[in-house]
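Put together the whole structure using the sequences plus the hints.
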Amino acid sequence: MPRPPVGPPAPGPSVSAFTPPPAPPAPRHAPASPAGGSVVDWLRTPRPEAEPGVWRFGHRPRPDEEPELVPARRLLAGAVISLLSGWLLWSLLWNNYLGPYWTWPVDLLTPDSWRGTTTFVVAWYTYVSLVALGILVFFARVGHVPELIRRYVRRPRARTAPPPQPRQGADPADWPELRAAGLAEAADRLAEATRTGALGDVDYARIQRAWHGVRTHPGRLAAFTEAVRAQGPAACAHPSGERDLPVRTATHDLATGQVRIGTAADHPRNPYARRTTGVALEPALLGTSLLAVGPAASGKTIHLVRPVTESLCLQALANRAAVVAVTAQGAPLAPDEAFDVVIAVGRPDARHDLDLYGGADDPDEAARTLAEALVGDLVPDSRRAATALAQLIGPYQAAYGRFPGVPELRELLGGAPQALAELRAAVAGDPAQLRELDARARQAERGDDVAVLLAERVAFLDRPAFAGFFRTEGEGRRFSLRAIEHPLRVRVDLPERGHAEASRIVARLLLAQFTEAALARADRSLFACLVLDDATDTITADSVRAIQRLRSAHAGVVLSLRTLQDVPEALRGPLLGAVGCRMAFAGLAPWDGGRFAEMWGTEWVQTRDVTNRQIISDEPLTKAMHFMRRLVTGRAATAEAVTVREVERQRWSASELAHGVPAGHAVLSVTGIRGEHAPPVLVDLRA
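With full-length UniProt numbering, letter number 256 in the sequence shown gets 256, and the count goes up by one each step, no holes.
Label pairs and their in silico Cβ distance ranges:
id, residue 1, residue 2, range
1, R215, V647, 45 to 55 angstroms
2, A132, E177, 54 to 64 angstroms
3, V642, W102, 36 to 46 angstroms
4, T196, P335, 21 to 31 angstroms
5, A687, R179, 34 to 44 angstroms
6, E648, P335, 43 to 53 angstroms
7, E185, E603, 55 to 65 angstroms
No lab work stands behind these hints, which were simulated from the structure alone.
Even for Gly, the Cβ is constructed at its ideal location relative to N, Cα and C.
This is the structure we're talking about:
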């Protein structure tokens, strides 16, 4: 099929864009084996429907409630005693110690002419066998032998049993959808590649995505058929030509779009149906956005950010998603080969630049996102700052056909007389632009002019280390977040060590530009996601409101924080309410745990109060029995009283989140884009 361009179409000279090479290069990485081993086994593994957050690949549903389990020692002892009792009863019957009356049904049901014949002997032994079988079944049920078989025989068999095979004619490895549409030749080509291993899980997901596009737009059928016939498993390739990542560190299932991040712990706080089941994330959950909070070294990057980014990169290769990952330079996220664009801000060897204005050609839109990045964390409302910026960059664009670079913008905001005079002279024939400059001059005379603060913030970007970045003139590989309409894999490395404040400004800029671009997309078939490995000081009032609107645009963000104290106090509650997925890692501070506990609310649970009362008897025989019981068991004879009641308690309290979550674990709650949700679950991230 015709491959879309990696970046947006090049508009006027004032809009920067990322332009891909004209033809995709040859793939450097062969398809890898999916989660189930071979691709055939992976396709045939069942994926039953489950509640949000459950790893569906080979999932075996569990009962909703824990069964009443008899202790193993008591179970074995009861079984042995019951079977011995049955054997004793059978011995008494067989040796006629209880009299010959138990055989009267044989005498009643057989005629006298059968006496002494072979037929009577067969009838007699048949009756005796039925009696023996009845005794065996009765005492086996009394001794809970079926429970022993279920517990110790069926469970090992269930663990080693192969997954059920699909029905005849519905084998997904045979591409039945293409055969049903009359594309037998294409189905044969792909089925052969599937059996030989030439087709990987990314290839399967990518071709399935293309086929669904053909069903929506039938005019693409001829191109799809020709591509499969000519290229086989490499058909409908990603613009980069890659068919897999150079390395995988997590377990993925591209048939459902899930990535496994851990296992639900076998813990009393977890619902019984979720214990020991896999925990996974997917676009249907990330579309509601995710907030992860935990101290340094708690595993946020290794156990969450890296698997999610890796999964989104695989889905981008399948033409299903676009991902922008923002991290500090040197963070163990993924190698450069796993991305189409790597923007290393502040590094002289960087091959790509970041568009300071997000590819906008409207001065008001460009000013709005830039003001959010510069002063969104300092002022509750950035509209005044956006107005001040628009009053300067609008005339500059009208005069020079582009927006100002960082040095020029700093001079204009700082009120440099020469820069303002040159700009005024350049737009002398445009009354509308002159009015903008006059309004800016009047506001500059006020003592609380916001341009002073804007100039101070722009100064963090006007450093020698960033001299080659954020340029708006000349030729360059400027990347704009407008390109998330295409299946791109982008990583932005921030210089947090030497330029912490500049890194925060760029992170806020990326968040503002991403939300603006995601909401403005015309084609929302691709899932777009922004992953912020460190969202410290990037959350603003406008960004919280924008995050709430992303789920309707088939987009989401993943935010990682060391503590909620890095978010303004007035925005901590709204931020937790804006995201649908919340994750609290081990070592959480009590005040942060209180926010999560309040958000997760309470539930009704059943409690059992057991009271033991000592039994005192005056009868000599009872006293002797109680004395013997105390000698044998070491305990006095007691009577047990059980009280069951319904009480309301917090799902996870602040103290439990702060002190009860083991290392390498996290508490996760998820919500789907359609409103389905699951309660918080304790997840073992190392399993």
